[in-house]
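Trainee: The chain contents come next:
6 protein chains.
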Amino acid sequence: MANKVKEAWKSGKAVVNGWLAIPSAFSAEMYSQCGWDSVTVDMQHGVQDYLSCVACFQGMQPSGVTPMVRVPWNEPGIIGKVLDAGAYGVICPMVNTPEEARALVQYSKYPPAGTRSNGPIRAGAYGSSGGYQKTANDEILVIPMIETKQAIENIDAILDVPGIDGIYVGPSDLSFSYGKEPKLDVEDPFILEIYDKLLAACASRGISAGLHNGTAAYANRMIKKGFKLVTIANEVGLMVAAAKAAVKEAKA
Amino acid sequence: MANKVKEAWKSGKAVVNGWLAIPSAFSAEMYSQCGWDSVTVDMQHGVQDYLSCVACFQGMQPSGVTPMVRVPWNEPGIIGKVLDAGAYGVICPMVNTPEEARALVQYSKYPPAGTRSNGPIRAGAYGSSGGYQKTANDEILVIPMIETKQAIENIDAILDVPGIDGIYVGPSDLSFSYGKEPKLDVEDPFILEIYDKLLAACASRGISAGLHNGTAAYANRMIKKGFKLVTIANEVGLMVAAAKAAVKEAKA
Amino acid sequence: MANKVKEAWKSGKAVVNGWLAIPSAFSAEMYSQCGWDSVTVDMQHGVQDYLSCVACFQGMQPSGVTPMVRVPWNEPGIIGKVLDAGAYGVICPMVNTPEEARALVQYSKYPPAGTRSNGPIRAGAYGSSGGYQKTANDEILVIPMIETKQAIENIDAILDVPGIDGIYVGPSDLSFSYGKEPKLDVEDPFILEIYDKLLAACASRGISAGLHNGTAAYANRMIKKGFKLVTIANEVGLMVAAAKAAVKEAKA
Amino acid sequence: MANKVKEAWKSGKAVVNGWLAIPSAFSAEMYSQCGWDSVTVDMQHGVQDYLSCVACFQGMQPSGVTPMVRVPWNEPGIIGKVLDAGAYGVICPMVNTPEEARALVQYSKYPPAGTRSNGPIRAGAYGSSGGYQKTANDEILVIPMIETKQAIENIDAILDVPGIDGIYVGPSDLSFSYGKEPKLDVEDPFILEIYDKLLAACASRGISAGLHNGTAAYANRMIKKGFKLVTIANEVGLMVAAAKAAVKEAKA
Amino acid sequence: MANKVKEAWKSGKAVVNGWLAIPSAFSAEMYSQCGWDSVTVDMQHGVQDYLSCVACFQGMQPSGVTPMVRVPWNEPGIIGKVLDAGAYGVICPMVNTPEEARALVQYSKYPPAGTRSNGPIRAGAYGSSGGYQKTANDEILVIPMIETKQAIENIDAILDVPGIDGIYVGPSDLSFSYGKEPKLDVEDPFILEIYDKLLAACASRGISAGLHNGTAAYANRMIKKGFKLVTIANEVGLMVAAAKAAVKEAKA
Amino acid sequence: MANKVKEAWKSGKAVVNGWLAIPSAFSAEMYSQCGWDSVTVDMQHGVQDYLSCVACFQGMQPSGVTPMVRVPWNEPGIIGKVLDAGAYGVICPMVNTPEEARALVQYSKYPPAGTRSNGPIRAGAYGSSGGYQKTANDEILVIPMIETKQAIENIDAILDVPGIDGIYVGPSDLSFSYGKEPKLDVEDPFILEIYDKLLAACASRGISAGLHNGTAAYANRMIKKGFKLVTIANEVGLMVAAAKAAVKEAKA
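Residue numbers (this note's numbering), protein chains in the order written: chain A, 136 to 387; chain B, 136 to 387; chain C, 136 to 387; chain D, 136 to 387; chain E, 136 to 387; chain F, 136 to 387.
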């Protein structure tokens with residue numbers, strides 16, 4: 136199966152990414168058929184763990200979306216496990232220094248690029264015809280989250296770490312770390328200026344930048360601004376918003 | 136905890152009901168906080184079984200919505216189990232004859248009204264102060280589904296069965312049984328005329344009629360028409376519609 | 136593995152039986168090591184289904200207690216499944232007529248005694264050395280619950296059904312069906328007199344009678360009265376009572 | 136997705152069918168990629184229930200095998216549920232009379248052929264382009280098990296029931312009902328003669344016959360004999376046999 | 136929902152805390168209604184993981200007890216996840232140095248006090264009206280376990296770390312680290328003297344001390360001695376003790 | 136229960152070890168009865184997490200095989216948890232330095248040998264009569280994986296760490312780290328020479344060496360070569376191979 140995110144990025148296009156917080160293969164199955172290019176299981180803030188991630192991956196497999204994971208932390212055990220489960224991309228929270236970025240690359244890549252252990256239990260079954268182990272280092276996207284003041288200050292050193300394919304910006308944590316209210320779909324010029332700098336720093340290195348968004352309208356603006364991967368809330372957020380609207384309309 | 140559906144019906148009001156197909160306590164928890172008066176776990180067509188129903192009930196308990204179940208079939212084992220789990224209402228598919236309606240009442244009520252067995256394992260913990268067993272027969276709603284030509288032909292005999300609190304109309308099965316395309320939010324005058332007859336037959340007996348709907352707009356119309364319980368799709372349907380719209384807007 | 140209940144009954148002894156409502160193999164594992172002769176998974180009023188029953192059986196296997204099940208209803212599908220899972224006894228609720236008793240025996244026994252289907256997926260692994268299928272009809276106890284006025288009136292005809300090994304009395308349903316308050320550990324002379332008649336009717340046929348109890352003290356009395364299987368509440372009831380007492384003492 | 140079993144049967148070919156007893160989507164996923172034409176979740180004797188069946192279906196979806204179910208019993212609730220989950224064939228145990236066969240057809244087909252209720256929650260997502268409800272009655276195979284003396288005696292009447300696509304023979308139950316030892320891969324001429332009669336009775340009506348086998352060698356013979364669907368043990372049986380052989384060889 | 140532990144501590148009162156080892160929402164639900172002020176999911180030594188913790192939290196939510204967690208280790212990934220799930224307190228094992236205590240505070244608090252990432256998926260739904268993120272740093276209790284010789288030697292430096300609300304003493308590990316038998320409800324004067332020193336060191340800083348106990352009687356003594364949070368065994372321990380006593384009494 | 140691996144090693148014998156990737160207690164239960172001396176739950180590359188490991192342990196308990204775990208990483212939280220669950224051996228991946236080996240020993244042993252925390256929730260129930268805590272440090276095997284060039288270079292220092300009972304060689308990672316194709320059942324003289332050196336280094340210290348193998352034939356050779364623990368693929372690998380062969384034979 137091709138990595139649709141990688142392909143889009145190669146051709147300079149943006150992808151629209153889904154986000155899973157509900158630990159249900161059925162929910163993931165239905166949601167993955169809605170037009171997303173990729174769908175990410177959120178093991179950090181979502182109600183997800185390793186086995187629910189595997190279940191969600193199974194649910195989304197027939198849809199052809201590219202499966203990715205946001206891991207709970209920059210830790211080799213869980214990064215290896217989600218890759219073995221078939222993740223085509225690892226989004227890792229709170230990567231604030233080049234050392235942390237290097238560790239992330241190490242955990243995510245087979246030798247000689249890294250120290251990932253061999254055993255792609257589920258990934259191997261869906262790997263490319265060239266052999267999963269031979270193509271994994273190229274195919275799988277390593278995407279540190281840039282979401283703190285410290286990361287912004289270290290951005291050039293982080294982006295210079297070999298093996299980084301993209302970055303993912305968490306707006307609420309970024310705002311939080313600058314002493315601002317944690318929220319999505321930021322209009323604060325200070326934060327938007329940071330986005331511009333990040334986009335420029337990425338562009339100069341051929342790295343793609345992604346952003347977490349609260350609404351499709353904002354995500355659409357951010358694609359036009361230059362972000363190459365935009366997420367829109369998560370599946371439970373969309374469901375809750377739709378349910379509230381439906382109740383209101385029915386009771387009108 | 137009061138039965139909000141029963142209270143609303145006593146005062147002639149309509150309730151807006153949610154519908155759960157995803158077997159996840161977390162999904163149910165978030166969805167139940169969206170303003171629904173009641174939320175029904177769909178054990179017939181939803182991806183639900185008894186233990187997922189219990190989990191959904193636990194997830195929705197803090198919200199204060201009234202928990203109900205659509206059972207998979209008119210069968211005493213599962214009806215007893217969902218009542219023990221804490222259902223305040225049993226919606227039962229394909230009740231086509233007064234005999235089936237009587238059986239449903241029997242399964243749902245304690246002696247002397249019925250033959251339900253005593254052991255409200257979870258229900259007892261949240262029962263009224265008067266003692267669960269003393270109030271259950273009054274509090275718990277027995278709601279046969281009227282969704283076939285046969286049921287329509289038997290409607291008076293069905294509604295005359297003592298212990299029936301309401302009916303629930305399944306539009307797609309009803310249309311199907313008359314040789315029409317199975318669908319929700321019907322505009323076919325033939326079916327709408329049946330609705331009128333049902334509403335009249337119910338109203339004359341103090342029984343409330345419910346309807347499954349595809350959209351909030353149609354549900355709103357049906358409240359005005361006289362239905363006292365309207366469901367809007369289910370949680371996964373709302374999520375899928377919202378996700379498709381979000382993807383489309385983001386990619387615009 | 137020997138059927139300890141059968142062995143005890145053969146020698147005229149009574150067994151003390153545990154009762155599982157919590158769907159957890161770990162809980163079952165710890166509880167089964169407390170001295171019970173047999174432990175019954177309560178699929179009727181407990182928070183249990185087929186897969187949780189299998190898990191509980193796995194948890195209790197090392198303890199050597201005899202595993203039994205109270206099925207949710209007198210239905211061939213689930214009776215076959217719990218026997219395949221390894222139940223050594225089937226306690227079936229609401230057996231009120233000899234026809235229902237005959238059906239229960241049919242569902243529980245291999246040909247020619249009954250119509251149980253062959254496929255003891257888990258039971259076969261722990262069956263006797265003579266071959267599970269050859270000994271199952273003899274080893275597995277068929278135990279209808281006698282818990283309604285109707286059953287009492289039909290008691291001789293029910294007990295005369297070939298293949299009935301024991302009966303199990305549900306005091307709260309029995310009281311309920313006579314218009315009395317549903318409760319355990321009954322002191323009502325009317326009900327106690329029924330117990331005497333049941334014990335006599337059983338004794339004359341070599342059938343053993345069991346009883347559900349709320350407390351160990353009452354269970355002890357009932358053994359002395361002639362009951363050959365006594366259950367004491369269930370595991371969650373014991374836990375709740377102990378927890379309330381502990382909180383009270385700690386706060387004193 | 137096409138029904139590979141139906142297609143093969145149309146062209147007179149036999150299919151090799153897998154059988155799932157382990158309630159694991161991962162196990163089902165790996166097993167379904169081994170070359171089977173169809174894979175059946177065994178809800179009767181396997182350690183399976185409705186939600187594990189859904190999980191197994193999700194696991195096997197990418198492989199393209201045709202998913203089928205052996206239901207625990209001829210009961211409308213569970214038959215409707217597994218069809219909604221996406222089963223392309225229903226194998227139903229212990230169908231002994233034409234009445235039972237007619238009931239099975241009723242439960243399995245939408246009006247006007249039957250009384251199946253509309254709501255293909257998962258099946259609808261993978262249905263044919265013509266619309267799931269329009270093609271389901273034609274696409275989904277209804278396959279009663281012929282596994283008792285009574286069924287053999289009623290075979291013509293059973294096969295004459297409209298809507299029967301095939302039969303499935305359970306050798307161990309069939310032998311059991313004739314007072315013989317319950318086993319697979321039978322060489323008993325009496326039973327083999329029954330097979331011949333069944334094959335002839337099926338062939339004359341354009342109905343396909345399936346058989347449960349213990350070994351691939353026997354299954355191969357049975358294809359040559361005329362059976363159009365052969366199952367080989369189940370996944371756990373194959374695993375256990377392989378494991379025992381491996382241990383033996385390693386310790387040699 | 137108010138943090139009952141924090142409120143009690145503010146007014147100088149002690150709380151009685153429950154402890155969950157069984158990974159079951161139902162068990163947690165029933166247990167949480169027994170009078171505990173708070174109930175802690177034990178992810179270190181209990182049979183618990185992240186998703187079972189979420190399930191237990193859902194089960195205990197209606198009871199109003201304050202939910203807390205003992206995390207398996209002082210690791211940012213899991214600490215963030217249990218806080219997002221709604222924990223009002225984090226009890227962390229084996230905090231032996233001020234560096235480890237500082238790390239624990241960092242992981243547990245939002246900026247600027249710490250580096251916790253924003254995304255209170257379940258916690259946000261039950262947060263205070265002032266907004267979860269604004270009150271979390273104040274409301275959520277950070278409670279290192281003091282349970283080794285090293286921790287005792289570093290106690291002043293540990294307690295001086297800003298953000299520590301309480302300590303929790305693990306008597307068996309503490310005894311173990313001093314070369315004594317690991318056990319609860321210690322009477323060893325050497326250990327009791329350590330308790331006195333800990334209580335004094337805490338009291339002088341306005342920090343509350345908690346203790347794990349085996350019996351309610353000992354817990355009661357420890358409240359009187361000055362401990363402000365006492366746990367009594369765990370739910371499975373209470374159940375096992377009650378079951379053993381019941382069997383013994385029934386068989387007497 | 137005795138540690139069969141330890142006993143065999145004491146007497147210089149080799150053990151044949153099973154390997155579990157399927158997260159199912161039932162699968163583990165059947166597989167554990169195939170003649171293995173020990174069975175290891177693979178939490179690194181298998182589809183396993185902590186709760187599935189507990190379930191597998193429960194499934195395998197009656198078989199008497201010695202339960203072991205390959206942990207996902209050298210991390211104290213998970214090592215403590217699997218030991219509490221009842222592991223008799225910890226196989227830890229990627230131990231490349233003596234420091235890492237020392238950490239592994241620390242995490243795995245009670246004071247004074249290590250810093251493992253007391254609370255053997257499930258292990259305690261099956262511990263030796265002398266008391267689990269008194270015998271655990273002796274009984275439980277600590278087995279670092281030697282699977283990188285770095286580990287080979289540090290082998291003497293690693294093996295000199297007190298508390299190491301054995302090593303486990305991962306051939307595919309070892310080959311990978313030397314720039315060779317990652318595979319099992321290696322015939323490459325360079326790697327085989329490393330095996331010889333490892334065996335000699337182990338033998339001189341009374342440490343046993345284990346090896347992961349793809350086939351029983353190769354495992355048999357490796358026992359003869361001097362390995363004292365040989366694993367043969369895993370349960371899902373054996374199943375898949377058997378299934379492919381069965382399909383092929385049936386279709387022949």
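Among the hints, a few may not be true.
To be verified - Once the Cα atoms are required to be at most 25 Å apart in a straight line, the calculated BS3-like pairs of lysine-lysine come out as: (1) 383(B) with 379(A); (2) 318(C) with 383(E); (3) 139(E) with 386(C); (4) 379(C) with 315(E); (5) 269(F) with 315(E); (6) 379(B) with 148(A); (7) 141(E) with 359(C); (8) 244(B) with 379(A); (9) 139(E) with 360(C); (10) 386(F) with 360(F); (11) 269(A) with 145(A); (12) 379(D) with 284(F); (13) 318(A) with 386(E); (14) 269(E) with 383(C); (15) 315(E) with 383(C); (16) 379(A) with 139(B); (17) 269(D) with 244(D); (18) 141(D) with 379(F); (19) 386(A) with 269(B); (20) 269(F) with 318(E).
Quick caveat, the hints were computed from the structure, so don't treat them as lab data.
Trainee: Could you run down the list of hints and mark each one as holding or not?
Mentor: Hints versus structure:
1. For the suggested pair residue 383(B) and residue 379(A), the alpha carbons sit about 21 Å apart, so the restraint of at most 25 Å is met.
2. This hinted pair checks out: residue 318(C) and residue 383(E) have alpha carbons roughly 24 Å apart, not beyond 25 Å.
3. Distance check on the hinted pair: residue 139(E) and residue 386(C) sit about 15 Å apart at the alpha-carbon level, within 25 Å; holds.
4. Between residue 379(C) and residue 315(E) the alpha-carbon distance is near 32 Å, which puts this suggested pair outside the 25 Å criterion.
5. Using a Cα cut-off of 25 Å, the hinted pair residue 269(F) and residue 315(E) holds, with the two alpha carbons roughly 11 Å apart.
6. Restraint check: the Cα-Cα separation between residue 379(B) and residue 148(A) comes to about 20 Å, which is no more than 25 Å; the hinted pair holds.
7. Using a Cα cut-off of 25 Å, the hinted pair residue 141(E) and residue 359(C) is violated, with the two alpha carbons roughly 52 Å apart.
8. Restraint check for residue 244(B) and residue 379(A): not satisfied, since their Cα atoms lie roughly 34 Å apart, outside the 25 Å limit.
9. With a C-alpha separation of about 49 Å, the suggested pairing of residue 139(E) with residue 360(C) is violated against the 25 Å cut-off.
10. For the hint pairing residue 386(F) with residue 360(F), the CA-to-CA distance comes to about 39 Å; that exceeds 25 Å, so the pair is violated.
11. Our distance criterion of 25 Å between C-alpha atoms is met by residue 269(A) and residue 145(A), whose separation comes to about 20 Å.
12. A threshold of 25 Å between alpha carbons decides the hint, and for residue 379(D) with residue 284(F) the separation of about 35 Å lies outside it, so the pair is violated.
13. Note on residue 318(A) and residue 386(E): the hinted pairing is violated, with a Cα-Cα distance of about 64 Å set against a maximum of 25 Å.
14. In summary, the hint linking residue 269(E) to residue 383(C) is not supported, as the alpha carbons are separated by about 36 Å, beyond the 25 Å threshold.
15. For the hint linking residue 315(E) to residue 383(C), the alpha-carbon distance of about 31 Å lies beyond 25 Å, and the restraint is violated.
16. For the proposed pair residue 379(A) and residue 139(B), the alpha carbon gap of about 18 Å is at most 25 Å, so the pair holds.
17. For the hint linking residue 269(D) to residue 244(D), the alpha-carbon distance of about 11 Å falls within 25 Å, and the restraint holds.
18. For the proposed pair residue 141(D) and residue 379(F), the alpha carbon gap of about 23 Å is at most 25 Å, so the pair holds.
19. Using a Cα cut-off of 25 Å, the hinted pair residue 386(A) and residue 269(B) is violated, with the two alpha carbons roughly 34 Å apart.
20. Restraint check for residue 269(F) and residue 318(E): the C-alpha separation of about 13 Å stays at or below 25 Å, so the hint holds.
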